[in-house]
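Letter by letter, the chains look like this.
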Amino acid sequence: MTATITRGLTGVGAALAIAALLVLSSGKNPLVAYEALAQGAFGSPDRIAVALNKVAPYLLTALGVALCFRARVINIGGEGQIALGGLGAAWVALTIPAAPPVVLVVLSALAGAVAGAMWAGLAALIRLTRGVHEVLVTLLLNFVGVLLVAEALHGDLGEPGAGFPQSPLLERGAWLPKLVKGTDLHVGIVIAIVAVFVVHRVLWHTPFGFRLRVRGASEKAAAYAGIDMHRSFMGVMLISGALAGLAGAIDVLGVHYRLIEGFSSGFGFTAVSIALIGGLSPLGVLPAALFFGFLETGALAMQRAVGVPSPLVSVIQGLTMVFVLAAIALGGARRRV
Amino acid sequence: MIEDILAASVRIGTPLLFAALGGLLSERAGVFAVGLEGMMLAGAFAGVIATWLTSSLGLGLVASAAGGMALALVVVIATQRYGADQMVTGLAVNILALGLTSFLLRGFGARGEAPVLRVPTLAPWPIPWLADLPVLGAVLFRQPPLTYAGIVLALGVAVWLARTRAGLTLRAAGENPYAVFAGGTDPVRVRALAIVACGAIAGLGGAVLSLQQVGTFTDGMTNGRGYIALAAIIVGRWRPMAALAACVVFGAADALQLRVQGFRLPVSSYVIQMTPYLVALAVLAGVGRSARLPAAIGVPLLRERK
Numbered sequence: 001m002t003a004t005i006t007r008g009l010t011g012v013g014a015a016l017a018i019a020a021l022l023v024l025s026s027g028k029n030p031l032v033a034y035e036a037l038a039q040g041a042f043g044s045p046d047r048i049a050v051a052l053n054k055v056a057p058y059l060l061t062a063l064g065v066a067l068c069f070r071a072r073v074i075n076i077g078g079e080g081q082i083a084l085g086g087l088g089a090a091w092v093a094l095t096i097p098a099a100p101p102v103v104l105v106v107l108s109a110l111a112g113a114v115a116g117a118m119w120a121g122l123a124a125l126i127r128l129t130r131g132v133h134e135v136l137v138t139l140l141l142n143f144v145g146v147l148l149v150a151e152a153l154h155g156d157l158g159e160p161g162a163g164f165p166q167s168p169l170l171e172r173g174a175w176l177p178k179l180v181k182g183t184d185l186h187v188g189i190v191i192a193i194v195a196v197f198v199v200h201r202v203l204w205h206t207p208f209g210f211r212l213r214v215r216g217a218s219e220k221a222a223a224y225a226g227i228d229m230h231r232s233f234m235g236v237m238l239i240s241g242a243l244a245g246l247a248g249a250i251d252v253l254g255v256h257y258r259l260i261e262g263f264s265s266g267f268g269f270t271a272v273s274i275a276l277i278g279g280l281s282p283l284g285v286l287p288a289a290l291f292f293g294f295l296e297t298g299a300l301a302m303q304r305a306v307g308v309p310s311p312l313v314s315v316i317q318g319l320t321m322v323f324v325l326a327a328i329a330l331g332g333a334r335r336r337v
Numbered sequence: 001m002i003e004d005i006l007a008a009s010v011r012i013g014t015p016l017l018f019a020a021l022g023g024l025l026s027e028r029a030g031v032f033a034v035g036l037e038g039m040m041l042a043g044a045f046a047g048v049i050a051t052w053l054t055s056s057l058g059l060g061l062v063a064s065a066a067g068g069m070a071l072a073l074v075v076v077i078a079t080q081r082y083g084a085d086q087m088v089t090g091l092a093v094n095i096l097a098l099g100l101t102s103f104l105l106r107g108f109g110a111r112g113e114a115p116v117l118r119v120p121t122l123a124p125w126p127i128p129w130l131a132d133l134p135v136l137g138a139v140l141f142r143q144p145p146l147t148y149a150g151i152v153l154a155l156g157v158a159v160w161l162a163r164t165r166a167g168l169t170l171r172a173a174g175e176n177p178y179a180v181f182a183g184g185t186d187p188v189r190v191r192a193l194a195i196v197a198c199g200a201i202a203g204l205g206g207a208v209l210s211l212q213q214v215g216t217f218t219d220g221m222t223n224g225r226g227y228i229a230l231a232a233i234i235v236g237r238w239r240p241m242a243a244l245a246a247c248v249v250f251g252a253a254d255a256l257q258l259r260v261q262g263f264r265l266p267v268s269s270y271v272i273q274m275t276p277y278l279v280a281l282a283v284l285a286g287v288g289r290s291a292r293l294p295a296a297i298g299v300p301l302l303r304e305r306k
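Chains as they are written, first to last, in the numbering used here: chain A, 1 to 337; chain B, 1 to 306.
No lab work stands behind these hints, which were simulated from the structure alone.
Glycine is no exception: its CB is placed at the ideal position from the N, C-alpha and C atoms.
There may be inaccurate statements among the hints.
Stated by the list, open to error - Derived Cβ-Cβ restraints for the label pairs, each shown as a range:
(1) R172/A with R292/B: 55 to 61 Å
(2) V214/B with G161/A: 30 to 36 Å
(3) L16/A with G58/B: 36 to 42 Å
(4) T54/B with T6/A: 43 to 49 Å
(5) M229/A with G286/B: 21 to 27 Å
(6) G298/B with R231/A: 20 to 26 Å
(7) G58/B with A162/A: 45 to 51 Å
(8) A166/B with A162/A: 58 to 64 Å
Isolated chain A (complex conformation) (with noise of 0.2 Å):
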């Protein structure tokens, strides 16, 4: 658990580093960038909401990809998977607006989940039938997926003489119920904090958490204790896409109140680095969720205050992937002297 933690902290501080050298050379003082950027991040309580709503959807999206990094499931369709779960949302939400408030709600969430699990599902089928590696498959995937949503939104979804890709305004029935009044600050905060705890103890304390990590740990060990390994890879895979279903649909349903052309752009990666940053742990990754919502949140208003684009923001996660990476792999070879 502490060598995680220095993991994480090191791999963040050094990449904080050498994108202080980038803003440095683009002429700016990084100080001033940084400290625009949590002006952005924590400057007032509207701020903080607008950050928090960010990190709900992230934190869904990791927990499933440290879940299925630990079965050692490659499944980097997080991107995909949330385009998905939006998609499914806004489809229940629109079809049957008359519905009471809270079923309304609950129904389109829902929607949201099972069609990322979908998704995840049919990567994992053409994984296990047919053989093609599933970082391929679900890359891929991505795309289509993402295409998809494009593709309603131009159909049937779409709001006609909107002039953009975006659906209708959904009921208030199916907004998502705010936390705390007068604020932007949504129940998904709520959802994936509880969400961290139940795969935490599904991870811990549970059979098939056993099996996802023994699974990990070593395939041929797995196989030898008799472990179903097709059946373990779909259900990560099902679980990892309802859960970045539900992100997509919190987003939906929490955020915009309507399904919008590339919502989901970016997540997927964002995703997979703060499951990396948190050490693959439900518990860990809930600080790196964190970090990155709010580091997200305060680069736009970096960039409108001092220029800095704030595309930095994925130099950021990039770079501390890569010290993290390297640091889990060194760690591991001293292990093993």
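For chain A, the structure is supplied; the task is to place chain B on it using the hints.
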């Protein structure tokens, strides 16, 4: 019409071909090439910037190879020095390349806005006499220079891998690195060189996109081509000429998609845009079972530390 589509398939398949050839070297040496997407993007970016600054397409090409190599060096250090997981490292450098190119591009604009840097594109070079051949002339001999370069490179890599000692050593590093070690060569070094070569070639693939096809750089302009190139490697069973054929097929899917968008079809343009990805998936699913990976791919090699 047919001749037209075939010519476009070859042209559009060219960036894939470069990426696939680079990735093939890396994977035959035993290192998964998930970072192809980022290497292409880095190459596309560096090529445009250098051309824009120096107005020399030649320097642009050199820069694009260097850009891909720079990203490859990150992969080398993470996977070969520290033994980091190859696939996830590839993904990490893809994110890094996406962020870095978008960030640096905005450095050429004002107030954090992305500028449009227009650069000239490489014009077709019809080959005298051969270009006048029926069908074949249009398909193969009226192409821009990098397309010829790609085809020649595919032949070169095929011969080099199959017929030279160095090629044999590279393949051995992917099949049985301990044999390479026993033979007196350092397999970690072989893999590192293969990754760097992969970066340079994939970077040129990015240049095909930015300097031969589009004439500018936009955020994330590779749009999954690196992943489709990975599919082409698998479909081609890690053999250069077969990978070339796969790239032409995937190029054809893309060419058809662009062409069909002009017609009035009952399906929307978004469904049609899915074709390259769906075709890649379908072909992979078709050959998946029979594909055999290099035996030691993904196995990290670490020197004994004291």
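Numbers of unmet hints, in rising order
none
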